[in-house]
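Novice: Residue numbers (this note's numbering), protein chains in the order written: chain A, 1 to 202; chain B, 1 to 202.
By construction, these hints were calculated from the structure, which means they are not laboratory data. Just so it is clear, the structure is predicted and the values come from calculations on it, not from any experiment. Ideal Cβ positions, reconstructed from N, Cα and C, are used throughout, including at glycine. Accuracy of the hints is not assured; some may be wrong.
As the list claims (entries may be wrong) - Distance windows between CB atoms, simulated:
1) B/Glu132 with A/Tyr92: 47 to 57 Å
2) B/Ala69 with A/Ala163: 29 to 39 Å
3) B/Gly58 with A/Gly11: 51 to 61 Å
4) A/Thr165 with B/Gln167: 31 to 41 Å
To be verified - Not everything, but these chain B residues come out facing chain A in the computed CB check (under 8 Å):
5) Ile14
6) Val17
7) Phe19
8) Ala37
9) Asp38
10) Ser51
11) Gly58
12) Leu59
13) Ile61
14) Asp156
15) Ala186
16) Arg189
17) His192
Protein chains: 2
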Amino acid sequence: MRISELSAASGVPIATVKFYLREGMLERGNVTAPTRADYGPEHLDRIRLISALTNVRGLPIAKVREILAIIDGPQDDPVVAMGHAVAALPPYLAASGPGFDRASATAQALGLTFDPGYPATGQLESALEGLEQAGLEWNGDIARRYWNALLPLARDELAPAVAMTGQQAVVYAVLGTALYEPVILAIRRLAHQHLAEGRPGS
Amino acid sequence: MRISELSAASGVPIATVKFYLREGMLERGNVTAPTRADYGPEHLDRIRLISALTNVRGLPIAKVREILAIIDGPQDDPVVAMGHAVAALPPYLAASGPGFDRASATAQALGLTFDPGYPATGQLESALEGLEQAGLEWNGDIARRYWNALLPLARDELAPAVAMTGQQAVVYAVLGTALYEPVILAIRRLAHQHLAEGRPGS
């Protein structure tokens with residue numbers, strides 16, 4: 001298909017498609033004439049993916065580029081790729097943070113290996129600092145409640161990766177990390193509403 | 001304390017404190033002399049809260065202002081307040097969306113009342129659209145897996161609100177929605193890492 005058809009099929013304006021091409025986020029089509037290139041379904045898939053990361057996930061373009069680079073890269077270890085993907089997702093932390101006392105205490109309460117080098121550790125520290133600043137409660141018991149809810153879910157989420165090749169598993173790990181998160185938050189918000197409305201007297 | 005002490009105690013630059021004052025996000029201190037105002041611990045708490053919402057949660061200043069207005073407002077129904085807070089959190093949706101076919105199908109699979117007027121419904125629709133665009137799986141069984149993990153958690157989260165006054169419950173509902181979310185995402189990411197590293201061969 002031509003670039004105009006690619007734009008129509010994806011719902012993304014031609015100027016934006018051209019921007020993705022210039023930025024190297026989308027591969028150029030097969031040149032069939034001096035002013036004409038041909039695009040296939042793989043280009044359409046790529047645009048939909050960029051769209052999901054920018055519009056739905058709300059990532060800045062620089063972070064989308066990082067995530068695409070992980071997917072395209074030679075990396076075939078999903079665990080390493082997941083770590084890179086996590087670093088490309090908010091919350092983005094100041095480079096010069098203090099220690100990770102809060103995250104470390106939580107890891108200890110959960111009996112986890114504490115790894116300050118993993119991006120999610122710093123993100124947990126930052127999130128716990130936010131609770132503290134707002135005067136919201138956090139302790140080992142509450143941490144365990146979240147862990148007990150999320151660990152089985154995380155296990156189910158990783159299960160399909162076992163049957164995948166290295167590269168497929170990388171893509172699944174990276175996109176799954178980025179794109180199931182908004183789903184989780186929306187479902188938790190709906191659960192709150194569901195419970196609150198069913199409460200007597202509310 | 002003076003504004004310089006307030007800045008030192010909160011770690012927020014004086015210029016930023018003055019910005020919060022000008023914007024009406026922080027109440028002015030007691031004027032004790034023509035060029036001097038006195039600030040108390042309630043001002044420090046407020047700055048910490050703004051800091052948690054802007055820096056940790058990463059909300060734009062306009063959305064922080066919305067959340068502060070809900071907390072300060074006359075609203076004493078936590079369910080209504082929670083709805084407003086959810087609308088002030090990402091993902092922010094285009095005003096003119098299509099129908100909510102995906103969210104509606106998920107609500108049906110879970111046996112929930114489908115309420116298109118609730119902000120989280122549109123956010124779920126958008127999140128599910130993101131999965132679809134990226135070619136990630138979603139169906140009734142997967143929806144139930146997330147629901148089963150998140151519903152008991154949501155129930156535990158709401159439990160403390162029962163013992164609170166209307167205004168306290170509003171603050172708890174609003175801040176809890178905004179500030180436990182980054183914690184949930186960080187813990188899920190740590191759970192993935194924990195599971196992936198324990199996997200044989202990885």
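Novice: Quick check on B/Ser51 please, does its C-beta sit within 8 Å of some C-beta on chain A?
Specialist: Since the shortest Cβ distance to chain A is 6 Å, the answer is holds.
Novice: A closest beta-carbon separation below 8 Å is what the hint needs, so does B/Ile14 meet it against chain A?
Specialist: 19 Å, violated
Novice: Answer holds if the nearest beta-carbon of chain A is closer than 8 Å to that of B/His192; otherwise answer violated.
Specialist: Holds, because the Cβ-Cβ distance from B/His192 to chain A comes to roughly 5 Å (cut-off 8 Å).
Novice: Between B/Ala69 and A/Ala163, does the beta-carbon spacing fit 29 to 39 Å?
Specialist: 50 Å, violated
Novice: Starting from the hint 51 to 61 Å, judge whether the C-beta atoms of B/Gly58 and A/Gly11 obey it.
Specialist: Cβ of B/Gly58 to Cβ of A/Gly11: about 27 Å, so the range 51 to 61 Å is violated.
Novice: Determine whether the Cβ-Cβ distance between A/Thr165 and B/Gln167 falls within the hinted range of 31 to 41 Å.
Specialist: The hint (31 to 41 Å, Cβ to Cβ) is violated, given that A/Thr165 and B/Gln167 are roughly 55 Å apart.
Novice: Mind checking the CB of B/Asp156 against every CB in chain A and telling me if the closest is under 8 Å?
Specialist: 6 Å, holds
Novice: Any CB of chain A closer than 8 Å to the CB of B/Arg189?
Specialist: 4 Å, holds
Novice: Could you see if the CB distance from B/Glu132 to A/Tyr92 stays within 47 to 57 Å?
Specialist: 27 Å Cβ-Cβ, so the 47 to 57 Å window is violated.
Novice: Would you check whether B/Leu59 satisfies its interface hint, that is, whether its CB is within less than 8 Å of any CB in chain A?
Specialist: Violated. Min distance 11 Å.
Novice: Do the numbers back the hint for B/Gly58, that is, is its least Cβ distance to chain A under 8 Å?
Specialist: Nearest chain A Cβ about 5 Å off; hint holds.
Novice: Hey, does the B/Asp38 contact hint survive, CB to chain A under 8 Å?
Specialist: At about 22 Å, which exceeds the 8 Å cut-off, the nearest Cβ of chain A leaves the hint on B/Asp38 violated.
When held up to the earlier numbered hints, the structure conflicts with 1, 2, 3, 4, 5, 6, 7, 8, 9, 12 and 13 and fits the remainder.
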